[in-house]
Amino acid sequence: MVISPDDWSAVRLTLALATVVTVLLLLIAIPIAWWLSHTKSAWRGPVSAVITLPLVLPPTVLGFYLLVAMGSDGPIGRLTQALGLGVLAFRFSGLVVASVLYSMPFVVQPIRNAFQASGRRPLEVAACLHARPVDAFFSVALPLARPGLLIGAILGFAHTMGEFGVVLMIGGNIPGQTRVLSMQIYNHVEALEYAQAHWLAGGLLVVSFVVLVSIYLYDPKRRMF
Amino acid sequence: MIRAKFDLAFSGFTLQAQMDVAAQGVTAIFGPSGCGKSTLLRCMAGLEHSASGYLHVNAETWQDDARGIFLPTHRRLLGFVFQEPSLFPHIDVRRNLEFGYVRTPPSQRKISWERTVDLLDVGPLLHRMPAGLSGGEKQRVAIARAILAAPRLLLMDEPLAALDVQRKREILPFLVRVQRELSIPILYVSHHVEEVAQLAEQLVLLRDGRVVASGPLTQMFARLDLPIAQDEDAGVVLDTRAAAYDERHHLLRLDFSGGQVYVARPALAPGQPVRLRIQARDVSLALSEHHDSSILNRFRATVVELASAPNPAHAMVRLDAGGTVLLARVTQRSLEQLQIGVGSKVWAQVKTVALME
Chain S
326 MVISPDDWSA
336 VRLTLALATV
346 VTVLLLLIAI
356 PIAWWLSHTK
366 SAWRGPVSAV
376 ITLPLVLPPT
386 VLGFYLLVAM
396 GSDGPIGRLT
406 QALGLGVLAF
416 RFSGLVVASV
426 LYSMPFVVQP
436 IRNAFQASGR
446 RPLEVAACLH
456 ARPVDAFFSV
466 ALPLARPGLL
476 IGAILGFAHT
486 MGEFGVVLMI
496 GGNIPGQTRV
506 LSMQIYNHVE
516 ALEYAQAHWL
526 AGGLLVVSFV
536 VLVSIYLYDP
546 KRRMF
Chain F
790 MIRAKFDLAF
800 SGFTLQAQMD
810 VAAQGVTAIF
820 GPSGCGKSTL
830 LRCMAGLEHS
840 ASGYLHVNAE
850 TWQDDARGIF
860 LPTHRRLLGF
870 VFQEPSLFPH
880 IDVRRNLEFG
890 YVRTPPSQRK
900 ISWERTVDLL
910 DVGPLLHRMP
920 AGLSGGEKQR
930 VAIARAILAA
940 PRLLLMDEPL
950 AALDVQRKRE
960 ILPFLVRVQR
970 ELSIPILYVS
980 HHVEEVAQLA
990 EQLVLLRDGR
1000 VVASGPLTQM
1010 FARLDLPIAQ
1020 DEDAGVVLDT
1030 RAAAYDERHH
1040 LLRLDFSGGQ
1050 VYVARPALAP
1060 GQPVRLRIQA
1070 RDVSLALSEH
1080 HDSSILNRFR
1090 ATVVELASAP
1100 NPAHAMVRLD
1110 AGGTVLLARV
1120 TQRSLEQLQI
1130 GVGSKVWAQV
1140 KTVALME
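From first to last, the protein sequence lines stand for chains S and F.
Position one of the first sequence corresponds to residue 326 (my numbering), numbered consecutively onward.
Position one of the second sequence corresponds to residue 790 (my numbering), numbered consecutively onward.
Derived from the structure by calculation, the hints contain no laboratory data.
Keep in mind that a hint or two might mislead.
As the list claims (entries may be wrong) - Where chain F lies over chain S, by a calculated footprint (3+ residues, C-beta under 8 Å): (1) 441-455; (2) 462-470.
To be verified - From the derived model, a few chain S residues whose C-beta atoms are all more than 12 Å from chain F: (3) 327; (4) 345; (5) 366; (6) 372; (7) 397; (8) 398; (9) 406; (10) 421; (11) 489; (12) 494; (13) 514; (14) 517; (15) 537.
In this text, all values refer to a predicted model and were calculated from it rather than measured experimentally.
Every residue, glycine too, gets a C-beta built ideally from N, C-alpha and C.
Between the sequences and the hints, there should be enough to build the whole structure, so can you do that?
Structure below.
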């Protein structure tokens, strides 16, 4: 076996990052998706655009701005320092913040689609059956959006596992802290250790493929991208 | 009383409706598609937030914008049956039924779980998922679900419109049972004359977002100045009572204030109320009584009003048959040849009497 302890550390770090990010993303994306699918506010367009930006921006651009913002003189950096958290850049927590932003559109979009697909009627029915709005949300809207939630979670997880550009800009390459799988693959290639790069890259490929196949088998009609 | 008034403006449509109806029995809100019937119902449920006006249900005020009162939908004790059954697809029939039931304080519940399940015959469906039910079964569950939410007012938005004729026939008796056995006032939106004639006691006529007329259904159906008289299915509704049964000819006699009719129907307990409908197109006029005709039901009548019909060849005739109004649709040519005008004494021959059962 050519996989080194460093490689395993990168795998563990990547899984930890993807898990934390997915949980956070669900907590953040559900209210945003709900708001986007129901609001008539003029802010809907601009907010959608901001959330979708990571889809079209080069990761290095996003990473660059985040690096500046999270640095000791940036607005986020000042805030985290004032809160006694120190500077987030080049730390696991920095990666979490960056990944949440970077993977946001992949989670928000399917959930938003699911909310929109079920429409207002189930909520109206729930209201006519004496359910308060919060009750109706948890007992009707959320269960009906379950396929969207599942797909959003899977896409968020998979996308976070595979990110490179943002990590490179904001996390660097610190073993056990910010050296995730994609970074480790890059290191192997730089060092011409193609065998090890193959193991890791192939593993990621297989996992991503299996994940996507399972989504399409779960719901072949749903088109995501 | 249920007193309601709502103003609402969409692009290209204005609702300005006011109505006072009795808080008992079925009141049909009747009008052509797009006249604002469903919107009015949604306003009453509090689902149209930009509507302004008021809604008083007996002693309770659900909405009165002049006084800044707006009860959100979930706090209005109403039941709403939508055109599509709108069952929650992620839970089984039992949990659909329980949805409103458990959210109603026990002290407010008026009709028991068992009685409702029996009335709509949904017992055998309790463990099924909505996706596996037929359209008629779904609508029965939806009606039971609405009743279990202890409504003081039941709003039904064309509950039969999405069903085919067969399913409609299957559901109508259940609606009649709900109407007869439960003392919940029902507002029933429909554009279907037959359905309305069968179910409703009161009628509110809506046109272009305004209430054109309202009152007891039998009176409204007997008027020539309302749009219903122009409907293909125009005709009067008579509330009669079962009388003697002619065993030899297998005919049942029904009595009403202005006379009696015979129908080919098995005997009923004397005095049992029977609603029947005589369509204008099934009534012909003659100047003398035709003893040589096979038509069974003939009434001496006076012509009280004439009106045009959608088809220029036809005329609508309003008749007074001993205090009971009948409508007839005959050709203009016949009127001319028989020289029938207002005040003419005629014999109305009724070809078909439809029992509303």
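How the hints compare with the structure:
1. 441-455: Satisfied; 9 residues make the cut.
2. 462-470: Holds: 4 residues of the stretch 462-470 of chain S have a Cβ under 8 Å from chain F.
3. 327: holds, 48 Å
4. 345: Non-interface label on residue 345 (chain S) holds, nearest chain F Cβ at 29 Å vs cutoff 12 Å.
5. 366: holds, 15 Å
6. 372: Correct as stated: the minimum Cβ-Cβ distance to chain F is 22 Å, above 12 Å.
7. 397: holds, 49 Å
8. 398: holds, 47 Å
9. 406: holds, 45 Å
10. 421: holds, 33 Å
11. 489: holds, 39 Å
12. 494: At roughly 43 Å from the nearest Cβ of chain F, residue 494 (chain S) sits farther out than 12 Å, so the non-interface label holds.
13. 514: holds, 48 Å
14. 517: Nearest chain F Cβ is 54 Å from residue 517 (chain S), so the label holds.
15. 537: holds, 25 Å
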